[in-house]
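2 protein chains.
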Amino acid sequence: MDVTFPDDLVLDEGGRIVLLVMDGLGGLPHPDSGLTELEAAATPNLDRLAAGASLGMSLPVDIGVTPGSGPGHLGLFGYDPVRYNIGRGVLSALGVGFDLRPGDVAVRLNLATLDADGNVADRRAGRPSDQENARLVGMLQEAVPRMRGAEVFFASEKEHRVVLILRGRELSPHLGDTDPQQTGVPPHRVEPLAKGAEDTAAILQDVLDAIRETLRDEPVANAVLARGIDAYEPYPGFPERFHLRARAIARYPMYRGVARLVGMEPVVVTDGEEATVAALEDGFTDYDFHFIHFKAMDSRGEDGDFAAKVAAIERVDALLPRVEALGPDVLVVTGDHSTPWSMKAHSWHPVPILIASACARPRRDAVFGEASCMVGELGTFPAAKIMSLALAHARRLSKFGA
Amino acid sequence: MDVTFPDDLVLDEGGRIVLLVMDGLGGLPHPDSGLTELEAAATPNLDRLAAGASLGMSLPVDIGVTPGSGPGHLGLFGYDPVRYNIGRGVLSALGVGFDLRPGDVAVRLNLATLDADGNVADRRAGRPSDQENARLVGMLQEAVPRMRGAEVFFASEKEHRVVLILRGRELSPHLGDTDPQQTGVPPHRVEPLAKGAEDTAAILQDVLDAIRETLRDEPVANAVLARGIDAYEPYPGFPERFHLRARAIARYPMYRGVARLVGMEPVVVTDGEEATVAALEDGFTDYDFHFIHFKAMDSRGEDGDFAAKVAAIERVDALLPRVEALGPDVLVVTGDHSTPWSMKAHSWHPVPILIASACARPRRDAVFGEASCMVGELGTFPAAKIMSLALAHARRLSKFGA
Numbered sequence: 261m262d263v264t265f266p267d268d269l270v271l272d273e274g275g276r277i278v279l280l281v282m283d284g285l286g287g288l289p290h291p292d293s294g295l296t297e298l299e300a301a302a303t304p305n306l307d308r309l310a311a312g313a314s315l316g317m318s319l320p321v322d323i324g325v326t327p328g329s330g331p332g333h334l335g336l337f338g339y340d341p342v343r344y345n346i347g348r349g350v351l352s353a354l355g356v357g358f359d360l361r362p363g364d365v366a367v368r369l370n371l372a373t374l375d376a377d378g379n380v381a382d383r384r385a386g387r388p389s390d391q392e393n394a395r396l397v398g399m400l401q402e403a404v405p406r407m408r409g410a411e412v413f414f415a416s417e418k419e420h421r422v423v424l425i426l427r428g429r430e431l432s433p434h435l436g437d438t439d440p441q442q443t444g445v446p447p448h449r450v451e452p453l454a455k456g457a458e459d460t461a462a463i464l465q466d467v468l469d470a471i472r473e474t475l476r477d478e479p480v481a482n483a484v485l486a487r488g489i490d491a492y493e494p495y496p497g498f499p500e501r502f503h504l505r506a507r508a509i510a511r512y513p514m515y516r517g518v519a520r521l522v523g524m525e526p527v528v529v530t531d532g533e534e535a536t537v538a539a540l541e542d543g544f545t546d547y548d549f550h551f552i553h554f555k556a557m558d559s560r561g562e563d564g565d566f567a568a569k570v571a572a573i574e575r576v577d578a579l580l581p582r583v584e585a586l587g588p589d590v591l592v593v594t595g596d597h598s599t600p601w602s603m604k605a606h607s608w609h610p611v612p613i614l615i616a617s618a619c620a621r622p623r624r625d626a627v628f629g630e631a632s633c634m635v636g637e638l639g640t641f642p643a644a645k646i647m648s649l650a651l652a653h654a655r656r657l658s659k660f661g662a
Numbered sequence: 261m262d263v264t265f266p267d268d269l270v271l272d273e274g275g276r277i278v279l280l281v282m283d284g285l286g287g288l289p290h291p292d293s294g295l296t297e298l299e300a301a302a303t304p305n306l307d308r309l310a311a312g313a314s315l316g317m318s319l320p321v322d323i324g325v326t327p328g329s330g331p332g333h334l335g336l337f338g339y340d341p342v343r344y345n346i347g348r349g350v351l352s353a354l355g356v357g358f359d360l361r362p363g364d365v366a367v368r369l370n371l372a373t374l375d376a377d378g379n380v381a382d383r384r385a386g387r388p389s390d391q392e393n394a395r396l397v398g399m400l401q402e403a404v405p406r407m408r409g410a411e412v413f414f415a416s417e418k419e420h421r422v423v424l425i426l427r428g429r430e431l432s433p434h435l436g437d438t439d440p441q442q443t444g445v446p447p448h449r450v451e452p453l454a455k456g457a458e459d460t461a462a463i464l465q466d467v468l469d470a471i472r473e474t475l476r477d478e479p480v481a482n483a484v485l486a487r488g489i490d491a492y493e494p495y496p497g498f499p500e501r502f503h504l505r506a507r508a509i510a511r512y513p514m515y516r517g518v519a520r521l522v523g524m525e526p527v528v529v530t531d532g533e534e535a536t537v538a539a540l541e542d543g544f545t546d547y548d549f550h551f552i553h554f555k556a557m558d559s560r561g562e563d564g565d566f567a568a569k570v571a572a573i574e575r576v577d578a579l580l581p582r583v584e585a586l587g588p589d590v591l592v593v594t595g596d597h598s599t600p601w602s603m604k605a606h607s608w609h610p611v612p613i614l615i616a617s618a619c620a621r622p623r624r625d626a627v628f629g630e631a632s633c634m635v636g637e638l639g640t641f642p643a644a645k646i647m648s649l650a651l652a653h654a655r656r657l658s659k660f661g662a
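From first to last, the protein sequence lines are chains G and E. Per the working numbering, residue 261 is the first one in the first sequence, and the count goes up by one each step. Per the working numbering, residue 261 is the first one in the second sequence, and the count goes up by one each step.
Certain hints may be false.
One copy or two, either will do: identical chains are not told apart, so a pair holds if it fits within one copy or between any two.
What the hints assert, rightly or not - Straight-line Cα separation of at most 25 Å, SDA-like style, residue types lysine to any residue; simulated pairs:
hint	residue 1	residue 2
1	Lys418	Ala462
2	Lys659	Gly436
3	Lys604	Val270
4	Lys455	Arg621
5	Lys645	Arg472
6	Lys604	Arg501
7	Lys604	Ser658
8	Lys418	Pro405
9	Lys645	Gly661
10	Lys659	Asp340
11	Lys604	Pro388
12	Lys645	Met634
13	Lys604	Glu458
Hints listed in this document are in silico derivations from the structure and should not be mistaken for laboratory results.
Let's have the full structure, built from the sequences with the hints guiding it.
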């Protein structure tokens, strides 16, 4: 499901593209109204755009497959998410700006709380502040700078999220998670998942043991849980493939990480949704392609809070006129996956998408919602084809064949 | 996206199929009405057919990819247009009936006008008459019969269009166009695009220089521009693959060329749309499959003339009863691509398709238009699968598996 047009069709010039991602946008109906979160939300700006746009449903990975955030975004960026699958550790390391080198093994750590019996009591250590996170990471870096010939690096992400990087010779990324994904049980030990991974498994286990020793007197964050272990291999670059000066505007490091992985320039946003749009406005004409990310739909969906997810959607809708005022030639609005409030989790359901441009084929009575997008001109199609359409609408693809 | 059923499912007998192609059929809405060219046209016959037909949208090459006429028609004929991509020169040579041999390199030439500084003043030399074209081609053939061991052939297409064929040993088709696609600049020199193409590039450049010398005293057509350079390799035959005695009825040589490439018998039509239908009526029962081509929708779309494209669609609609009166078992009506009036060019948008047969699954309120076809039973599907459906509706495919 990769982008399949021949590379030599891509032109050097054309329109400016904004890819606006509402994380976890797709949903499921509320039993009282029969309306999804997006359908229930008052979205006058999205509905006005939809009435003049090409609509459809984006399929993140494949029918029935629920994507993580990494595959969800790789698809949106035009990369087959199965072929280019990558662990969360690498995405987080890139997201916090760590200078990964090919072969580095990156691991996502959760700061966690173990009880007196060594069982997990809180998988997120009470969600510490970013300052507390930075203090603990400083302790760990000082206590565990190397392990058996491998260099060890720690970096703060947000709240309970930490990244661990191992750098050394012939490290293997084929290691199992230690996060048991539940409380009341002890963390798993590091298991090698492939032949030749035994040495790296032993190194990582020793690092985790040393971390436990370092944190033993902490009142809350007295351990870590490891997951998303993967090695860094550079990807074919987005700017080179699509001939686009591209940037990524996102508040959460993870999303900047995926974008950096494919060669977009990350723009750090520290405040909320207004600040995200302000970052888009700043230097807008210096880029051909802007990826802009809004997170709250996904978080409130995972909370199972219908009304809060509706409100999150409405906040993005209210900011849309500022995006439109910048005059992008192509405005794509979609999500990386669905996060239905009733499931409290990511899901496999296709995600509404609109592509607004002068070449759209709209349906006048359309609004932006699942039922309306299902009968849109784009049909249900792989997310990895969105970039083909974005380039086409921007008049950045030449004709194929005589 | 090739036809994917096993070859041994194809039966030797079954219904008669007409594939009626309205070139550039798909469109985009007029802002006043919100209706596309096809939706705005008064098409009582197509609408009556649609109400009893299977409807859908045909995707010519892939999502977001704009096809040229060659790939657009190869798809309709059941050939993956990416795998079987071919240069316009070969299509034109086949279209004018030139007896191409494997390895021949064919080049599309435009008769053109250069100014006193050698810059392109008119890429089409004022669109000369076919008689003038024939006179110039005669001059060229006499002046340049060979070049450095290669035989050189010229053939008239229409107006400013000429085909050049090089025949010799180990010729390479990997040569760049000399047509700069704009005025006010000189033609490009012939560039080799692959290793081993240097000799052929030099031969073609010498041919073009000799042409320039021959035409130097012509008042208008004093040069040529070369493009669409490709070598001829025979395709797997359409009659053999699909067990169909097949013919192609088209006024423009280009479309007969694509059909000949896959082994259909070309039927030359010199007059307009009525003559095209008359050619279909003549000897109808001698064939199992008829490809019939109408061009005007595409031309008027490229002109950007909404009303004229609407009128072109209505003229084809008015001729439909004569096609129906022949009693084909399967009548497929679609286009090779969209040519929206508002873009004045081919585009990537899927194309409405109807398949009328006794096995159709219709929607009673359906009409033939983009919005109606989008929600038809066929969905949006690759053009290269149309032949699978045509054969199935003609009861020419046996059951797969026990």
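Here is what the structure says about each hint:
no., hint, in the structure
1, Lys418 - Ala462, "neither (28 Å within a copy, 63 Å between copies)"
2, Lys659 - Gly436, "between (47 Å within a copy, 16 Å between copies)"
3, Lys604 - Val270, "between (40 Å within a copy, 20 Å between copies)"
4, Lys455 - Arg621, "neither (53 Å within a copy, 44 Å between copies)"
5, Lys645 - Arg472, "neither (45 Å within a copy, 45 Å between copies)"
6, Lys604 - Arg501, "neither (36 Å within a copy, 27 Å between copies)"
7, Lys604 - Ser658, "between (43 Å within a copy, 14 Å between copies)"
8, Lys418 - Pro405, "within (21 Å within a copy, 76 Å between copies)"
9, Lys645 - Gly661, "both (20 Å within a copy, 19 Å between copies)"
10, Lys659 - Asp340, "both (23 Å within a copy, 16 Å between copies)"
11, Lys604 - Pro388, "within (22 Å within a copy, 59 Å between copies)"
12, Lys645 - Met634, "both (17 Å within a copy, 19 Å between copies)"
13, Lys604 - Glu458, "neither (36 Å within a copy, 63 Å between copies)"
Comparing the model with each numbered hint stated earlier shows that hints 1, 4, 5, 6 and 13 do not hold.
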